[in-house]
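Colleague: Here is what each chain is made of, one letter per residue.
Protein chains: 4
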Amino acid sequence: MPTRDQARASLVLANHILANEGVLDAFGHVSLRHPDNPDWFLMARSRSPALVDTADLLEFTLDAKPVDPTLTVPFGERVIHGCIYAARPDIQSVCHHHARAVLPFCISGVPLRPVDHLGATMGATVPFWDQRDEFGDTELIVGKPDEGRSLARALGPHWVVLMRRHGAAVAGRSLEELVYRAIHCCRNADLQRQARELGGVGSLTPGEIEKAFSFNLGTRPVMRAWDYWAARLPRRTTARSSQSSGGPEDAVTPP
Amino acid sequence: MPTRDQARASLVLANHILANEGVLDAFGHVSLRHPDNPDWFLMARSRSPALVDTADLLEFTLDAKPVDPTLTVPFGERVIHGCIYAARPDIQSVCHHHARAVLPFCISGVPLRPVDHLGATMGATVPFWDQRDEFGDTELIVGKPDEGRSLARALGPHWVVLMRRHGAAVAGRSLEELVYRAIHCCRNADLQRQARELGGVGSLTPGEIEKAFSFNLGTRPVMRAWDYWAARLPRRTTARSSQSSGGPEDAVTPP
Amino acid sequence: MPTRDQARASLVLANHILANEGVLDAFGHVSLRHPDNPDWFLMARSRSPALVDTADLLEFTLDAKPVDPTLTVPFGERVIHGCIYAARPDIQSVCHHHARAVLPFCISGVPLRPVDHLGATMGATVPFWDQRDEFGDTELIVGKPDEGRSLARALGPHWVVLMRRHGAAVAGRSLEELVYRAIHCCRNADLQRQARELGGVGSLTPGEIEKAFSFNLGTRPVMRAWDYWAARLPRRTTARSSQSSGGPEDAVTPP
Amino acid sequence: MPTRDQARASLVLANHILANEGVLDAFGHVSLRHPDNPDWFLMARSRSPALVDTADLLEFTLDAKPVDPTLTVPFGERVIHGCIYAARPDIQSVCHHHARAVLPFCISGVPLRPVDHLGATMGATVPFWDQRDEFGDTELIVGKPDEGRSLARALGPHWVVLMRRHGAAVAGRSLEELVYRAIHCCRNADLQRQARELGGVGSLTPGEIEKAFSFNLGTRPVMRAWDYWAARLPRRTTARSSQSSGGPEDAVTPP
Chain C
784 MPTRDQARAS
794 LVLANHILAN
804 EGVLDAFGHV
814 SLRHPDNPDW
824 FLMARSRSPA
834 LVDTADLLEF
844 TLDAKPVDPT
854 LTVPFGERVI
864 HGCIYAARPD
874 IQSVCHHHAR
884 AVLPFCISGV
894 PLRPVDHLGA
904 TMGATVPFWD
914 QRDEFGDTEL
924 IVGKPDEGRS
934 LARALGPHWV
944 VLMRRHGAAV
954 AGRSLEELVY
964 RAIHCCRNAD
974 LQRQARELGG
984 VGSLTPGEIE
994 KAFSFNLGTR
1004 PVMRAWDYWA
1014 ARLPRRTTAR
1024 SSQSSGGPED
1034 AVTPP
Chain W
784 MPTRDQARAS
794 LVLANHILAN
804 EGVLDAFGHV
814 SLRHPDNPDW
824 FLMARSRSPA
834 LVDTADLLEF
844 TLDAKPVDPT
854 LTVPFGERVI
864 HGCIYAARPD
874 IQSVCHHHAR
884 AVLPFCISGV
894 PLRPVDHLGA
904 TMGATVPFWD
914 QRDEFGDTEL
924 IVGKPDEGRS
934 LARALGPHWV
944 VLMRRHGAAV
954 AGRSLEELVY
964 RAIHCCRNAD
974 LQRQARELGG
984 VGSLTPGEIE
994 KAFSFNLGTR
1004 PVMRAWDYWA
1014 ARLPRRTTAR
1024 SSQSSGGPED
1034 AVTPP
Chain V
784 MPTRDQARAS
794 LVLANHILAN
804 EGVLDAFGHV
814 SLRHPDNPDW
824 FLMARSRSPA
834 LVDTADLLEF
844 TLDAKPVDPT
854 LTVPFGERVI
864 HGCIYAARPD
874 IQSVCHHHAR
884 AVLPFCISGV
894 PLRPVDHLGA
904 TMGATVPFWD
914 QRDEFGDTEL
924 IVGKPDEGRS
934 LARALGPHWV
944 VLMRRHGAAV
954 AGRSLEELVY
964 RAIHCCRNAD
974 LQRQARELGG
984 VGSLTPGEIE
994 KAFSFNLGTR
1004 PVMRAWDYWA
1014 ARLPRRTTAR
1024 SSQSSGGPED
1034 AVTPP
Chain L
784 MPTRDQARAS
794 LVLANHILAN
804 EGVLDAFGHV
814 SLRHPDNPDW
824 FLMARSRSPA
834 LVDTADLLEF
844 TLDAKPVDPT
854 LTVPFGERVI
864 HGCIYAARPD
874 IQSVCHHHAR
884 AVLPFCISGV
894 PLRPVDHLGA
904 TMGATVPFWD
914 QRDEFGDTEL
924 IVGKPDEGRS
934 LARALGPHWV
944 VLMRRHGAAV
954 AGRSLEELVY
964 RAIHCCRNAD
974 LQRQARELGG
984 VGSLTPGEIE
994 KAFSFNLGTR
1004 PVMRAWDYWA
1014 ARLPRRTTAR
1024 SSQSSGGPED
1034 AVTPP
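So the protein lines, in turn, are chains C, W, V and L.
Numbering-wise, the first sequence is residues 784 to 1038 according to the numbering used here.
Numbering-wise, the second sequence is residues 784 to 1038 according to the numbering used here.
Numbering-wise, the third sequence is residues 784 to 1038 according to the numbering used here.
Numbering-wise, the fourth sequence is residues 784 to 1038 according to the numbering used here.
Rather than coming from a laboratory, the hints here were simulated on the basis of the structure.
Mixed in with the good hints, there may be bad ones.
Chain copies aren't distinguished; within one or between two, either way the pair holds.
[Unchecked claim] Computed list of lysine to aspartate or glutamate pairs in EDC-like fashion (alpha-carbon distance at most 16 Å, straight line):
1. Lys848 / Asp920
2. Lys994 / Glu922
3. Lys848 / Glu922
4. Lys927 / Glu842
5. Lys994 / Asp920
6. Lys848 / Glu804
7. Lys994 / Asp819
8. Lys848 / Asp916
9. Lys927 / Glu980
10. Lys994 / Asp839
11. Lys927 / Glu917
12. Lys848 / Asp1010
13. Lys927 / Asp913
14. Lys848 / Asp929
15. Lys927 / Glu804
16. Lys927 / Asp973
17. Lys927 / Asp839
None of these values were measured; they are calculated from a predicted model.
Could you build the full structure based on these sequences and the hints that come with them?
Modeller: Next comes the structure, spelled out in structure tokens:
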């Protein structure tokens, strides 16, 4: 198990990787179940993920209340995270995003399914959740506990749930697995869309999905990819990294 | 209300953000109603937005005449801005662009409409304006007051108007809202086009559009995104920013 | 008229701009009629355009023979340039490219036509040339004078000719016009393809094309865009630009 | 023939070029038959290609066993390389990748074929291999000698083989030819897909393919492109390249 400090550093890195790889942009967020207390989770204050630094991280209970009093503003949709952690003890990390790759599926209602061995890491089934079904006209923001619980029910035993006309929630058994799944889910979406327009999409068999899921979520592929994505992050210059105080401009991830 | 100097600095930043995010390129322009005089507006001289600096900003009356005599060349299409400010006292900022994302809609005549919660910030209706209808064969440039007024009428009470075979005009109740709407309008266009090719586009309900419009145009999301886009701008090196005189190459926003 | 030295510097810049904007890549080339002798033209030795420096420029007669003896290797397809200059005294600059944007038209045989005011700078008609028609099975390289003359005939009085399964040749009345037309032709191709898939493409009227052609090829828009594209080129660092000898790595244009 | 040291340096460069041009990403690998012993081949340890340095290179026999005992972890799919070298003495270099450009063909089953003169360097026929046909449900990883031999049989006398729902294997008579073919194969895939959606794809004649194959695989075009792609690699700063020890972050190829 990572220490709290290691967990916090990894969560900042995950913020930057997911922004740099096109999963998160101005909006979206990623969280980590607390390494010392499974009833808490770590998540940044309301800030674009590319700009998040360790000083921005807050701790929340599973009902999305700050553990310590804070003057900073948390994300309005943190209930997504709390409700999924509460429903699924096996899940250690959650991401909510509006990635451009998956939105055409959220908008059209065409189901996302694994089209290659890496896409199999989404799992065999990617369910839809339509906030309208249970809550009528909303601003399409998951801000209330009832909405968060409804979304967690739609996720069920799966790993990714598509939110109609809004985005996706992705879960992982570790932070690194979450990052790996979120990025490969976007890749699968792009490939599925292009293959469908080109000439149709065949299916992986249930057996192929199960085997490819296990193989590709092994420590070796997951960490090889994590190291690669971390190395792709723009580097701070020597001059800048010698500054001790991280201002807002210190964690910038350019396009 | 911002001071005139703050307004000028923000307008330069908006030029750079809109260029860096793919809304403006060699052409297009963004303006701001003057903070001290609602009958004037601020706009750069004729120059690509990525290269604009504060020294390039001019002041115009609503009939698009320079407030002070100037030897520099203004944009030929500044009447777009003047006519929209004259018709709509609620509008504080205007952008005209030829963004690649929206042009396929301008060319095909397929209506643009909100496909997700962020696209709802365009408003429920995005009207078309066809210069040919009223003016016959033109060079597809809006240079005459009559043309500007016709375009402003087509915009009507809405926030975005598509100009057939040419581009778009976008309006906002603040500079930050304008930037936010212009970027999310391009995003919506990309997503709508891809969803349509993938499997069709459902509709947001009028209630969803209204709620998502209000929520997503709140100060918090608008400023979170503004900070993010500003942080994505390429930084000048220390050596270069210590130079006092900003030559043409000093405000460059590479691709 | 520019001096020979100015012409050479501009031609190097045009090489870098066309590479940086995605018109040229490892292959393709751009030339300029000699400012002192209309029966000669300037063109780089066989080298990727992003890497070309002034020392790489050679002078050729219109039958594509080097004016001075040289040990360096010229482009095999320089006859394209010589034959177009010979056939069209009004043309001062020529580019041959395989840009990704126009290749789908060269491959499918769908005609390229102006879809917006900037695309009108291609001219009303973009003819096709199929090397197979006159020369049967070839390696799809225009290396022989007969092939170059056939291509120039296909260009006729127009400004762009698409070469089936190969690429395009573009011409301009100045180097700056050539660069402007080549880039906007690629932009038009992208927009036409996307609009067609989205919902169809209407036509500009002959009058609109004529007016937009004249307006947009005025000095002001052409030079505004030239300055913008030049500013987008990656800058050499101080350390490197102080080196007097330009090795192959000195004019690199990263992606 | 290159010396062993030259071969190793070139193989590192090929890793970086293929990553920078979008053929390889977190996964995929490229190898080179040993310049001194045709029964051995050179290949990196299990690491993302953008991060590979000379210290990462290992030597393998054609049955994919390390020549020297090593504590580092080799790629699980190195049998692809060994089996192709064993079956095809004319092949000096092999690459296995999951490039986004070709995956839509691997997924849809639409055959890839040359659509322009540069695509002709793939050869006239690009066969498919479906691991499922011979091996049933697998994790879609080619890890066993039987699987590698089956894939090599599917490649047959050709130069590229598409692996259903997985990726591709590409071969070359030299490392430079391999890199050239792998990149142009991706380019051909993008163009074929777009041309097909635009209006259909005509065929190159067998004679055109043969001639364009020979011409474009000549030393001059292959080396011009190699120099271009090498120049596009991000450069290490002076400070960093003076460090003697190459840590993981020393060979990073940003996006």
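Colleague: Against each hint, give a clear statement of whether it holds in the structure.
Modeller: Going through the hints against the structure:
In this assembly of identical chains, the alpha carbons of lysine 848 and aspartate 920 never lie at most 16 Å apart, being 26 Å within a copy and 46 Å across copies at closest. With identical chains, the CA atoms of lysine 994 and glutamate 922 are at most 16 Å apart between copies only, with a shortest distance of 5 Å across copies and 40 Å within one. For a Cα distance limit of 16 Å, the shortest separation of lysine 848 from glutamate 922 qualifies neither inside one copy, at 22 Å, nor across copies, at 42 Å. Neither within a single protomer nor between protomers do lysine 927 and glutamate 842 lie at most 16 Å apart by alpha-carbon distance, with minima of 19 Å and 47 Å respectively.
For the homomeric pair lysine 994 and aspartate 920, the shortest alpha-carbon distance between copies (8 Å) is at most 16 Å, but the shortest distance inside one copy (41 Å) is not. Within a single copy, lysine 848 and glutamate 804 get their C-alpha atoms no closer than 30 Å, and across copies no closer than 35 Å, so neither meets the 16 Å cut-off. For the identical chains of this complex, lysine 994 and aspartate 819 are neighbours neither inside a copy (32 Å) nor across copies (39 Å), given an alpha-carbon limit of 16 Å. Proximity of lysine 848 to aspartate 916 under the C-alpha cut-off of 16 Å is found in neither arrangement, the shortest distances being 27 Å within a copy and 54 Å between copies.
With identical chains, the CA atoms of lysine 927 and glutamate 980 are never at most 16 Å apart, being 38 Å at best within one copy and 34 Å at best between copies. For the homomeric pair lysine 994 and aspartate 839, neither the shortest alpha-carbon distance inside one copy (39 Å) nor that between copies (29 Å) is at most 16 Å. For the identical chains of this complex, lysine 927 and glutamate 917 are intra-copy neighbours only, at 13 Å inside a copy versus 50 Å across copies, given an alpha-carbon limit of 16 Å. In this assembly of identical chains, lysine 848 and aspartate 1010 lie within 16 Å of each other by CA distance neither inside one copy nor across copies; the values are 33 Å within and 26 Å between.
When the C-alpha separation of lysine 927 and aspartate 913 is checked against a cutoff of 16 Å, the pair qualifies only within one copy, where the shortest distance is 15 Å, while the shortest distance between copies is 44 Å. With identical chains, the CA atoms of lysine 848 and aspartate 929 are at most 16 Å apart within one copy only, with a shortest distance of 15 Å there and 56 Å across copies. Taking identical chains as interchangeable, the C-alpha atoms of lysine 927 and glutamate 804 are never at most 16 Å apart, the minima being 29 Å within one chain and 32 Å between chains. Proximity of lysine 927 and aspartate 973 under a CA criterion of 16 Å is satisfied in neither setting, with 31 Å inside one chain copy and 30 Å between copies.
Taking CA atoms no more than 16 Å apart as the test, lysine 927 paired with aspartate 839 passes in neither setting, with 23 Å inside one copy and 48 Å between copies.
Checked against the numbered hints given earlier, this structure breaks hints 1, 3, 4, 6, 7, 8, 9, 10, 12, 15, 16 and 17; the rest are met.
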